[in-house]
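**Student:** Single-letter residue listing:
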Amino acid sequence: MRQEAMRVLAHEKIADAIFELKLKGGMVNEITEPGQFVHIRVGGGAQTVAPLLRRPISICSADPSSEIMTLIYRSGGLGTGLLSQAVVGEKVDVLGPLGHGFPIDAVPAGGKALVIGGGVGVPPLYGLSQALTAQGVQVTHVLGFRSAKDVFYQDAFEKLGRTIVMTEDGTCGQKGRVTDVLNTVDFDVAYSCGPTPMLKALEREITEKPLFVSLEQRMGCGIGACMACVTHTTDPGDSKGYRRVCCDGPVFKAREVELC
Amino acid sequence: MRQEAMRVLAHEKIADAIFELKLKGGMVNEITEPGQFVHIRVGGGAQTVAPLLRRPISICSADPSSEIMTLIYRSGGLGTGLLSQAVVGEKVDVLGPLGHGFPIDAVPAGGKALVIGGGVGVPPLYGLSQALTAQGVQVTHVLGFRSAKDVFYQDAFEKLGRTIVMTEDGTCGQKGRVTDVLNTVDFDVAYSCGPTPMLKALEREITEKPLFVSLEQRMGCGIGACMACVTHTTDPGDSKGYRRVCCDGPVFKAREVELC
Amino acid sequence: MLNVHLPGLDLKNPVMPASGCFAFGKEYGNLYDLNVLGAVIIKAATLESRYGNPTPRVAETPAGMLNAIGLQNPGVDKIISQELPRLAEYDVPVIANIAGSEMSDYVQTAEKMSKQPVVKALELNISCPNVKHGGITFGTVPEIAAELTSKVKAVSEKPVYVKLSPNVTDIVAMAKAVEAAGADGLSMINTLLGMRIDLKSQKPVLSNLTGGLSGPAIKPVAIRMIYEVSQKVSIPIIGMGGIQNADDVIEYFLAGASAVAVGTANFVDPFVCPKIIKELPEKLNGMGISDINELVGRSWKHA
Amino acid sequence: MLNVHLPGLDLKNPVMPASGCFAFGKEYGNLYDLNVLGAVIIKAATLESRYGNPTPRVAETPAGMLNAIGLQNPGVDKIISQELPRLAEYDVPVIANIAGSEMSDYVQTAEKMSKQPVVKALELNISCPNVKHGGITFGTVPEIAAELTSKVKAVSEKPVYVKLSPNVTDIVAMAKAVEAAGADGLSMINTLLGMRIDLKSQKPVLSNLTGGLSGPAIKPVAIRMIYEVSQKVSIPIIGMGGIQNADDVIEYFLAGASAVAVGTANFVDPFVCPKIIKELPEKLNGMGISDINELVGRSWKHA
Ligand SMILES: Cc1cc2nc3c(=O)[nH]c(=O)nc-3n(C[C@H](O)[C@H](O)[C@H](O)COP(=O)(O)OP(=O)(O)OC[C@H]3O[C@@H](n4cnc5c(N)ncnc54)[C@H](O)[C@@H]3O)c2cc1C
Ligand SMILES: Cc1cc2nc3c(=O)[nH]c(=O)nc-3n(C[C@H](O)[C@H](O)[C@H](O)COP(=O)(O)OP(=O)(O)OC[C@H]3O[C@@H](n4cnc5c(N)ncnc54)[C@H](O)[C@@H]3O)c2cc1C
Ligand SMILES: Cc1cc2nc3c(=O)[nH]c(=O)nc-3n(C[C@H](O)[C@H](O)[C@H](O)COP(=O)(O)O)c2cc1C
Ligand SMILES: Cc1cc2nc3c(=O)[nH]c(=O)nc-3n(C[C@H](O)[C@H](O)[C@H](O)COP(=O)(O)O)c2cc1C
Ligand code: FES
Ligand code: FES
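Residue numbers (the UniProt record's numbering), protein chains in the order written: chain A, 1 to 260; chain B, 1 to 260; chain C, 1 to 303; chain D, 1 to 303.
Calculated directly from the structure, the hints in this document are not laboratory data.
Don't take every hint at face value.
Unchecked claim - In silico DSBU-like cross-links for lysine-lysine, where the CA-CA straight-line distance does not exceed 35 Å:
hint, chain 1, residue 1, chain 2, residue 2
1, C, K283, A, K13
2, B, K253, B, K22
3, D, K153, A, K240
4, C, K12, D, K200
5, B, K149, C, K203
6, C, K153, B, K240
7, C, K283, B, K175
8, D, K278, B, K13
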């Protein structure tokens, strides 16, 4: 983990309010798992007081050889709105890599993985799928979006494996939700990231096979010190009774913790 | 008076921590007197909360035909530090022109003016001298700086008239203070802008001839509504008893108000 | 959609400049037509004219500012003769902010002001932190605030809104005390007491030493207090503290305010009040709200 | 130049992380050598373990943040057995923050903590706004704060610093009450009580509804309170609230603090404490100061 002024190599709008940001820096060498995230200070400068807090963003993909990582984020509030104005060449204050990502070795050799994403939960799954396919795992993607204008990275996922895009209004791919098509896919292990209701549905549906979910939670420090991001463990006998999303997660085994 | 997003045409460091900023916009047409100022919101954007307040900066010179005004400011604190990072093409949120400037018709036709500036009080005197010389007034400039590294616009002033530069350490021009050379100059009317101790000394020394001084004061609104910038009138019989630097000034007749 | 009815006040919209941040409307009136405003709260009037504190009177802080103007004003009589006639030309209710050092000052000033036709309500400033005597103490002791409120109510021909100080342990107790004493409404909040020290001079920046903290920095404190008080009183609240845009106005309504005042933001953007008034209908439409009054207290009403 | 001596505390420098913003030092200890710090104030310990409040527990505000962690901690015994041994490996004094719901909780927790050799002082948190019972009331009534202080003093083997709440009408009265009751020092300030409402859900952002406001936004309030209190008490003050850099530290010293704690800024920049400690000597040199203790209270001493 380090704090680094990373350089913006590319910054592009790739869907409605969705930006793809490529950052270069030595931190990329420290990334160990897909699904880790970074904590970004927007606005920079020692005097910045608004936005005050860092913003957690998943690492979408990373290439240690070129020291480049890709982030994909939705610009909505104060921090992401300002971030979206960062121009090529600018430095961005990044803390990372943070947290524990998806365990790719949970899939048996030659096995099959199901990767399920929703909205801005999709980005970290791209790096996950890259890592899985690189290990010879056959990956099926089920990606849910609200509408055609929100869809991104469809081609990129298709290059890695079968990709089913679902939209709520049917304007792209199939109409419906990710859970509608789960029974059409054969898999050994499932991985997911997306809105809490989606994760809850998946935890109800996928009970026979391993499922890993990545959670979101409001954060302070991002490194485990402030206790902002905790969630209860489901096991009442757990010695701590809680997990911190920022450092014990953001990826957890299904039903290990309460979805927040 | 208007609020305008003015475009940065040029932005250059011209002395130690001193920047010359050229802004373009329709506001320039409303400037009526040298010595007026503008109130700049740094950082911009509806969400900016730091720096929260606008920064008052004198108009150094203005050219209505090209709609360009020049400002010269010292970068020191939070606001001017951020302003100094503005790049060509960027828009700056400017409120102005504000206040009452130097009365150039106080000098009799064919008369002589003495213009005395200190540090970042020098900028508005340049526009003043331009206006005076354009009227056929013969202008002598006495400009005080701390040291050679702080001196700016010496050539520009020399083109308009005799220019005596004083530095405290003697590294440029003569060693000493502006008040040291006043008795060497013949003039009908004196105008000044600079640090309060300098203005106080001038008010003591120049008592026989008209003297106008431009004041600085911490401001809130900049337009006369908040009462942040007041100073007492010296005349105890004055019906209000105070003047607002932002709208009754910043230029006052010597000894009309208490120097703050 | 934006109409709001409060004691004494029929407002075409709930947005008004806050006291002390708009003087008597002349300067901002040169910039835009004051008729767009819901009301104008004028600068504090005292019985006699006041010069206020020595300068510096303002200092910037992170997301806020400190002021120690010290209630500079020409005195109630001059305000009535010189300032109100200009405001009377607009179709905008005036709320007159009243301050004093002694109870009798308040009472006399309030009596005079309340007789003016253009003045539709009084705002009793029991909370100005920048006057040396009186002022602040009125606003921190419930019994004294209540006594002052009932004395002013006894002479006022117009509804009386009491402006509360946030510098208290128990804001609900203050609110209930002045409500029981007859207040028709509340204004919340005045400034938090703060200080900034200059590193060069090693002295407080403000010549008055302390000043009142305003601006976005204090918004969370104001929202919390309005949320608490609005559930415990049945008189309306004019909310203020750090409002910069239409979203902030909506947050105040959700907390429990029935109208809002905008102070410091006028200095940041002199057109902020008309901008907010223009933005509001669009925001409400986006929320599916047809009447802004529906929002009052929603954060706790549907809890 | 930076050495500071306070009751129980021999500090190589006056900069320490604030309670609750640094847990028990493990996470930041992975980032840098904790030996650079003046001291470490650990997260509040309660008698029993606490999970704290439901999430969301934090919200951002202009130049600040709200938190309602709710004193999550594993309880005093586990802190002693699992956390203190790691801290004992450093050459850094530990200040143990103590909280509770009942006086007896405080007393028992304080007694246990004060017996630990690595713990050099206690910080009595009578001001946490995020616990439902006790907590806040201890910090708003001088008599209760005094009673608690003397009870804890009676059992503590180490000096006791009392951490004051800013949510009071009269901070000087609070400070004098705990000083009279035997407090060895003060910590000022804890968070201001605030709230933020989410426009989409129309509900408070924090599940606890209100939270404690920290960060640069509150610095002017803290400076004002320390300025006032330091002139009226003779025990030292650990100052905190919005400190982000060495200039802020100097401002706190000028106001009257004898040491400082850095809270929220650790989240913004995890290396902020070592950075400040590194910057300080240079800043002091620039001011011609050879001993930081000379700055304590300068803003009023030379007034
Ligand atoms: C581990 C993790 C990974 C994430 N990865 C991505 C990603 O790859 N792409 C992406 O678009 N978004 C991602 N998010 C969500 C992202 O952090 C928020 O959208 C973002 O913080 C909102 O900031 P803002 O400035 O737009 O909003 P503001 O409204 O200004 O935010 C105010 C505060 O609330 C916090 N906040 C608001 N929404 C969320 C949220 N959904 N989760 C956590 N904190 C929130 C902000 O961090 C900030 O502290 C991730 C969140 C987490 C916890
Ligand atoms: C009418 C007028 C004209 C001016 N013209 C010029 C000019 O042409 N060139 C120039 O370099 N400077 C000028 N100044 C001074 C300039 O306004 C300050 O240097 C500037 O506001 C400092 O801002 P900052 O962000 O650097 O400092 P900060 O320390 O961040 O400022 C904090 C607050 O204090 C105020 N402040 C600090 N110093 C001053 C000051 N000297 N006067 C008024 N307010 C101050 C700021 O406006 C701000 O509100 C003028 C001031 C006035 C009143
Ligand atoms: C410069 C200034 C002057 C003020 N004068 C008064 C006043 O005369 N009477 C009063 O009741 N409040 C006064 N206030 C307080 C404001 O009316 C308002 O309550 C406070 O500033 C919070 O709102 P804001 O954050 O939008 O500024 C003043 C505030 C400022 C900044
Ligand atoms: C997330 C968080 C948790 C906190 N927990 C505690 C605590 O357990 N005990 C305590 O006395 N203060 C606690 N505080 C208050 C801080 O110690 C400090 O007094 C306050 O945040 C002001 O300093 P700052 O502005 O530098 O953060 C907490 C603050 C934050 C932000
Ligand atoms: S964000 Fe601080 S512990 Fe997770
Ligand atoms: S700055 Fe507001 S009256 Fe002059």
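**Student:** Checking one constraint from the list: CA of K12 of chain C to CA of K200 of chain D, max 35 Å. Satisfied?
**Tutor:** Given pair K12 of chain C, K200 of chain D holds - Cα atoms ~26 Å apart, limit 35 Å.
**Student:** Hey, K283 of chain C versus K13 of chain A, does the alpha-carbon distance stay inside 35 Å?
**Tutor:** holds, 26 Å
**Student:** Within 35 Å, alpha carbon to alpha carbon, are K149 of chain B and K203 of chain C?
**Tutor:** Within the cut-off at roughly 30 Å; holds.
**Student:** Is K283 of chain C within 35 Å of K175 of chain B, Cα to Cα?
**Tutor:** This hinted pair is violated, its Cα atoms lying about 63 Å apart.
**Student:** Straight-line Cα separation of K278 of chain D and K13 of chain B no greater than 35 Å?
**Tutor:** holds, 30 Å
**Student:** Is the Cα-Cα distance between K253 of chain B and K22 of chain B 35 Å or less?
**Tutor:** holds, 29 Å
**Student:** Just to be careful, I want the Cα atoms of K153 of chain D and K240 of chain A compared with a cutoff of 35 Å; is the pair within it?
**Tutor:** holds, 32 Å
**Student:** Checking one constraint from the list: CA of K153 of chain C to CA of K240 of chain B, max 35 Å. Satisfied?
**Tutor:** holds, 32 Å
In summary, the one numbered hint that this structure violates is 7.
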